[in-house]
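Residues per chain, in single letters:
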Amino acid sequence: MAEKKKTTIVLFSGDYDKAMAAYIIANGAAAYDHEVTIFHTFWGLNALRKDEDIAIKKGFIEKMFAKMMPRGADKMGLSKMHFAGFGPKMIKDVMKKHNAVSLPQLIEMAQEQDVKLVACTMTMDLLGLQQEELLDNIEYAGVAAYLSDAEDGNVNLFI
Amino acid sequence: MEANKVLDAKGLACPMPIIKTKKAMAELESGQVLEIHATDKGAKNDLAAWAKSGGHELAKHEEESDVLKFWIKKG
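Just so you know, the protein sequences line up as chains H and A, in that order. Sequential numbering from 1 applies to the first sequence in my numbering. Sequential numbering from 1 applies to the second sequence in my numbering.
Just so you know, the hints here were simulated from the structure itself, not pulled from any lab data. Misleading hints may appear alongside valid ones.
What the hints assert, rightly or not - Straight-line C-alpha distance at most 20 Å; calculated DMTMM-like pairs for lysine to aspartate or glutamate:
(1) A:Lys52 <-> H:Glu35
(2) A:Lys22 <-> H:Glu132
(3) A:Lys22 <-> H:Glu151
(4) A:Lys20 <-> H:Glu133
(5) A:Lys41 <-> A:Glu2
(6) A:Lys23 <-> H:Asp114
(7) H:Lys4 <-> H:Asp51
(8) H:Lys97 <-> A:Asp66
(9) A:Lys22 <-> H:Glu35
(10) A:Lys20 <-> H:Glu3
Just chain A, with the same shape it has in the complex (with noise of 0.2 Å):
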């Protein structure tokens, strides 16, 4: 799936991907998709939650050794 933008945020706990998600995302327009590596375990449910409250389609997620990949597209 083709990124406009990338986030790493490999290695950061909890609050800091959620947060660093919603900053890069106020940079994105409407229907550009945002990339996210992390390896906080407990980032699917966090992002798949804040994409459906703040109105984004979570695209598509996959699991690469230890790194979580997930598609954002900005409502």
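So that you can see chain H by itself, here it is in the shape it has in the complex (with noise of 0.2 Å):
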């Protein structure tokens, strides 16, 4: 066959209904033998967020950041109807029910799937991430890296 198909996607959001409709759609594209890029950029990079508290040394505003943002896919909240956090909970018993797949699977199934997942670092910056807290095998890059991948993609999407 000839060279691969590409599907770029912009995840910008932090919500968790709008992760998983972008990994739901990575998912697929890796299905249809594309090569998909996420490129996670501000509240979309809580979605990379490792799930556990990692000490790391940070400033006043860095921590309070830290603190307020979700930590890790399974924490964010929904785009509408969260009412204070109880949206999520109803949200992912009817995912239960209907055998749909949590965000955090998704993300793991995205990553076995080589679906290529990066973080903005300059995001990172302004946010007060790090790598350390990041989940690991994703790659670290800017708007150029990106734009590289995307000037010859056939799919491209900002969620």
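Grab the two chains, each in its own frame, and use the hints to assemble them into the complex.
Rendered as structure tokens:
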């Protein structure tokens, strides 16, 4: 077969439901034999955070950010009907009932399918996130690396 | 239709049927047939599109009570 097609997704949102959509499309595209890249920037970086507390020296503002942002995909909130944390509980129950795959599982599956997960280093600095806090086996890059994947891409989404 | 391999994707939600199909298909040789059982209502359009894009042939599909069955011949 000819050269592989490419899907590139920018995940800007830190909402559970939006990240789920991004990762479902990414996994689907990988099953379509596309080369897939998800570029995580701003709040989307939280999807890549490890869920454990990692001791790192940080300044005051960075510490505040770290506390206020969800630590890992499972702790992310919903874009609609969040209801102070009750919404995600409800949706996770419904997902179980319908056998839908959870966001942490979708991320794991994406890694198994060789989806390239990229963290934007500029916004990592802004939010005070460090490599030790993010998942293993991901890449670190900026806009140029993203564009080089996207410019000959076939599907390109901003979520 | 004679299948070389059967994939049970019943009860699985999107995107699992397509991911499992891809994995199962990778283990087959060209010309061999994969039989897939699914209950996701989107599976029909999904598998048809996936097969077409990958150069495979959706040789046959049928519906038995609530189970959708597909036979895809590897291209």
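Here's how the hints hold up against the structure:
{"no.": "1", "hint": "A:Lys52 <-> H:Glu35", "in the structure": "18 Å, holds"}
{"no.": "2", "hint": "A:Lys22 <-> H:Glu132", "in the structure": "33 Å, violated"}
{"no.": "3", "hint": "A:Lys22 <-> H:Glu151", "in the structure": "27 Å, violated"}
{"no.": "4", "hint": "A:Lys20 <-> H:Glu133", "in the structure": "31 Å, violated"}
{"no.": "5", "hint": "A:Lys41 <-> A:Glu2", "in the structure": "24 Å, violated"}
{"no.": "6", "hint": "A:Lys23 <-> H:Asp114", "in the structure": "13 Å, holds"}
{"no.": "7", "hint": "H:Lys4 <-> H:Asp51", "in the structure": "34 Å, violated"}
{"no.": "8", "hint": "H:Lys97 <-> A:Asp66", "in the structure": "17 Å, holds"}
{"no.": "9", "hint": "A:Lys22 <-> H:Glu35", "in the structure": "14 Å, holds"}
{"no.": "10", "hint": "A:Lys20 <-> H:Glu3", "in the structure": "23 Å, violated"}
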